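J.: Protein sequences appear in the order of chains A and B.
Its first residue numbered 266, the first sequence is counted upward by one per residue in our numbering.
Its first residue numbered 266, the second sequence is counted upward by one per residue in our numbering.
Accuracy of the hints is not assured; some may be wrong.
Here are some, though not all, of the chain A residues that point toward chain B, as calculated from beta-carbon distances under 7 angstroms [what the hints assert, rightly or not]: (1) Leu272; (2) Val335; (3) Val337; (4) Ser561; (5) Pro563.
Honestly, the hints are just simulated from the structure, not real lab data.
If you're wondering where the values come from, they're calculated on a predicted model, not measured in any experiment.
The beta carbon of each residue, even a glycine, is placed where N, CA and C say it ideally should be.
Protein chains: 2
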Amino acid sequence: MSTFELLHTDSRSAARRGCLKTAHGEVETPAFMPVGTAGAVKGITPQQLRETGAGIVLANTYHLLLRPGVDVVEGLGGLHKFMAWDGPILTDSGGYQVFSLSQLTKIDDDGVEFASHIDGAKVYLDAETATGIQNRLGADIIMCLDECAAFGAGEAQLKTAAERTVRWAKRCKEAHANPDQSLFAIVQGGTEKALRAYCAGELVKLDFDGYAIGGLSVGEGHDNMLKTVTHTTQLLPEDKPRYLMGVGMPGDIIAAVRAGIDMFDCVLPTRNGRNAFAFTENGPLRLRNNAHIGASEPIEAGCDCYCCTNFSRGAVRHFFNSGEMLGAILLSVHNLRFYQRLMAKIRQALETNEFSDWADKQLKMIIDY
Amino acid sequence: MSTFELLHTDSRSAARRGCLKTAHGEVETPAFMPVGTAGAVKGITPQQLRETGAGIVLANTYHLLLRPGVDVVEGLGGLHKFMAWDGPILTDSGGYQVFSLSQLTKIDDDGVEFASHIDGAKVYLDAETATGIQNRLGADIIMCLDECAAFGAGEAQLKTAAERTVRWAKRCKEAHANPDQSLFAIVQGGTEKALRAYCAGELVKLDFDGYAIGGLSVGEGHDNMLKTVTHTTQLLPEDKPRYLMGVGMPGDIIAAVRAGIDMFDCVLPTRNGRNAFAFTENGPLRLRNNAHIGASEPIEAGCDCYCCTNFSRGAVRHFFNSGEMLGAILLSVHNLRFYQRLMAKIRQALETNEFSDWADKQLKMIIDY
Numbered sequence: 266m267s268t269f270e271l272l273h274t275d276s277r278s279a280a281r282r283g284c285l286k287t288a289h290g291e292v293e294t295p296a297f298m299p300v301g302t303a304g305a306v307k308g309i310t311p312q313q314l315r316e317t318g319a320g321i322v323l324a325n326t327y328h329l330l331l332r333p334g335v336d337v338v339e340g341l342g343g344l345h346k347f348m349a350w351d352g353p354i355l356t357d358s359g360g361y362q363v364f365s366l367s368q369l370t371k372i373d374d375d376g377v378e379f380a381s382h383i384d385g386a387k388v389y390l391d392a393e394t395a396t397g398i399q400n401r402l403g404a405d406i407i408m409c410l411d412e413c414a415a416f417g418a419g420e421a422q423l424k425t426a427a428e429r430t431v432r433w434a435k436r437c438k439e440a441h442a443n444p445d446q447s448l449f450a451i452v453q454g455g456t457e458k459a460l461r462a463y464c465a466g467e468l469v470k471l472d473f474d475g476y477a478i479g480g481l482s483v484g485e486g487h488d489n490m491l492k493t494v495t496h497t498t499q500l501l502p503e504d505k506p507r508y509l510m511g512v513g514m515p516g517d518i519i520a521a522v523r524a525g526i527d528m529f530d531c532v533l534p535t536r537n538g539r540n541a542f543a544f545t546e547n548g549p550l551r552l553r554n555n556a557h558i559g560a561s562e563p564i565e566a567g568c569d570c571y572c573c574t575n576f577s578r579g580a581v582r583h584f585f586n587s588g589e590m591l592g593a594i595l596l597s598v599h600n601l602r603f604y605q606r607l608m609a610k611i612r613q614a615l616e617t618n619e620f621s622d623w624a625d626k627q628l629k630m631i632i633d634y
Numbered sequence: 266m267s268t269f270e271l272l273h274t275d276s277r278s279a280a281r282r283g284c285l286k287t288a289h290g291e292v293e294t295p296a297f298m299p300v301g302t303a304g305a306v307k308g309i310t311p312q313q314l315r316e317t318g319a320g321i322v323l324a325n326t327y328h329l330l331l332r333p334g335v336d337v338v339e340g341l342g343g344l345h346k347f348m349a350w351d352g353p354i355l356t357d358s359g360g361y362q363v364f365s366l367s368q369l370t371k372i373d374d375d376g377v378e379f380a381s382h383i384d385g386a387k388v389y390l391d392a393e394t395a396t397g398i399q400n401r402l403g404a405d406i407i408m409c410l411d412e413c414a415a416f417g418a419g420e421a422q423l424k425t426a427a428e429r430t431v432r433w434a435k436r437c438k439e440a441h442a443n444p445d446q447s448l449f450a451i452v453q454g455g456t457e458k459a460l461r462a463y464c465a466g467e468l469v470k471l472d473f474d475g476y477a478i479g480g481l482s483v484g485e486g487h488d489n490m491l492k493t494v495t496h497t498t499q500l501l502p503e504d505k506p507r508y509l510m511g512v513g514m515p516g517d518i519i520a521a522v523r524a525g526i527d528m529f530d531c532v533l534p535t536r537n538g539r540n541a542f543a544f545t546e547n548g549p550l551r552l553r554n555n556a557h558i559g560a561s562e563p564i565e566a567g568c569d570c571y572c573c574t575n576f577s578r579g580a581v582r583h584f585f586n587s588g589e590m591l592g593a594i595l596l597s598v599h600n601l602r603f604y605q606r607l608m609a610k611i612r613q614a615l616e617t618n619e620f621s622d623w624a625d626k627q628l629k630m631i632i633d634y
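Okay, chain A solo, but in the shape it has when bound:
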């Protein structure tokens, strides 16, 4: 099982510097987890991912369950071997994708039946199956099945989802059968403070290895997200890691670290990379822009990634413009490295007690992303 060591808490904010120790290595927190949806971080190899400085990667149970199926992954030696990633892995429960990607055919307190977004096949998921599947996939950290209400859901719907999430978490904990894996619970409740307090309180009573905040970054906006995160982290135990799911833009991450979050995941570095959008300290670059045709400078001056140390903006633009896969590969590498450098700067600022000032300055600079 993973253990979390809280190394230092910022004197002027709720930000924390920690270390998550798993059977597949240690993760320095605050940490950003690149997303390997179907067992691959899109566009790059695990070797290139390692070179970006990533310490832990996320994979989606929903996608792996539908394709290639748990039997196949397990038969091929489990998720680490299947993905050729020997570092820590976290799998989500599939809940978020069931509610966002698939067509629901039945949902009640028992579980959820849905039609695969790939071929329409009916699939049933409940607390026990979601846990059992993750036990068999073999990630270092697994997540409880939760119900993620859509943005804009009314209070009653949010309440039902939060209550169901608590009941399912209890059942997940009981079903959890692989002591090598840590089990995290997910706090739901939309932007309703009382619901978040109820959900967090009930889950903390059940004593999980870590706590995630779900149901955010779904349309509520930066300020509402941050208010909810600030409110919710205060309800979570200090000695357990806190994971803000699906967040986000660099400014979101810095603000959420200040509110006490330790772990993040997001598809933005790779999705934007494939769409010729580069993150830089000086703001976004859109590489399809004609302005870059003859530009000899790297994507980001001072960046130590493979793209920036070898290619001009003009070359990267050309690869996108010519439909060469290399454009998407290079910007995925750069953006992932950008995110890891951001996390390293956050950790460094925490270690030298300069985090609050640094964060203020950064948030002013990058608010226009």
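Following the hints, put chain B in place on chain A, whose structure we already have.
T.: Chain B alone, transformed into the frame defined by chain A:
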């Protein structure tokens, strides 16, 4: 300028072991050149390409001329810097693509006008411009502009093309203005022995740094290709490198080495890789096949490439099946490494005087590709 050192000629065939020395490094021959059409070998980074053992890479003048244009490549420091490849590069003249990809609008002894396959823009290419463009791109080896008659062309058309190729080669040599680059001429003449003899004879009189055989692997089949190569290599000087353009399958390469060829290029390793087709010593593997769903073995047992040392067939199949770029990346890496291992085996067999027996055995085994 590059120099060619002939190290050893096989006692029982025309096969040769040599070394091509360029300003950007030495190339052991027989050598296979991966194709970086638009300045990128499709699907992989130059670093991954280097790891496959590639010593020299080919880029297409036609593609770079249309996009991003010579001014851009030159302005960004030349082709080596643009591609982030500090090893040897060969550029073709654009002739082959003009005749195969674009719509010709005018051709005569002066040159050729064509409509770009990208946007229909009219482009004019003649011996002087094709040479000047390659001088500016800055590859280590550049090619004379040739006319490549389509497969099935009649004798008169082949003769016109061969004669024009000779006249253009003479003009290319006169126009060639970068002494750091070697200039190779291209022998045309279809499968007509007399035309090949005429063309080779005239070009040899002009004394080029190397000689290519063009106009093959366009539909004539293995036997006709090999007959023409065997006939033509005998007409070329021993002390200059011989390059068979656009060839080919592993069996074609082994047979052509036996006929005296030193250099090859072909898109098959990467094109087939992107289409889930893997080359192996035991024949082709089609990774979309259901048979591979749960297969734990690597693509090719004993292969030292990144794909084979890290991933199961089942995982590679899954990446293709899920539309993950990683499938194409991994099989491109494997196929390119397969080709480089093939060339290394050829060179080794030549060094130990076992080439003829080895080649006989290989050709029997792999004829079914």
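J.: Run every hint past the structure and note whether it holds.
T.: Hints versus structure:
Because the smallest distance between the Cβ of Leu272/A and any Cβ of chain B comes to about 33 angstroms, over 7 angstroms, the interface hint for this residue is violated. Nearest Cβ of chain B to the Cβ of Val335/A: about 12 angstroms, over the 7 angstroms cut. The hint is violated. The beta carbon of Val337/A is positioned within 7 angstroms of a beta carbon in chain B (closest approach about 5 angstroms), and the interface hint is therefore held. A distance limit of 7 angstroms between C-beta atoms decides the matter here; for Ser561/A the minimum to chain B is near 5 angstroms, and the interface restraint holds.
For Pro563/A, the interface hint is violated, since its Cβ never comes within 7 angstroms of a Cβ in chain B; the closest pair sits about 11 angstroms apart.
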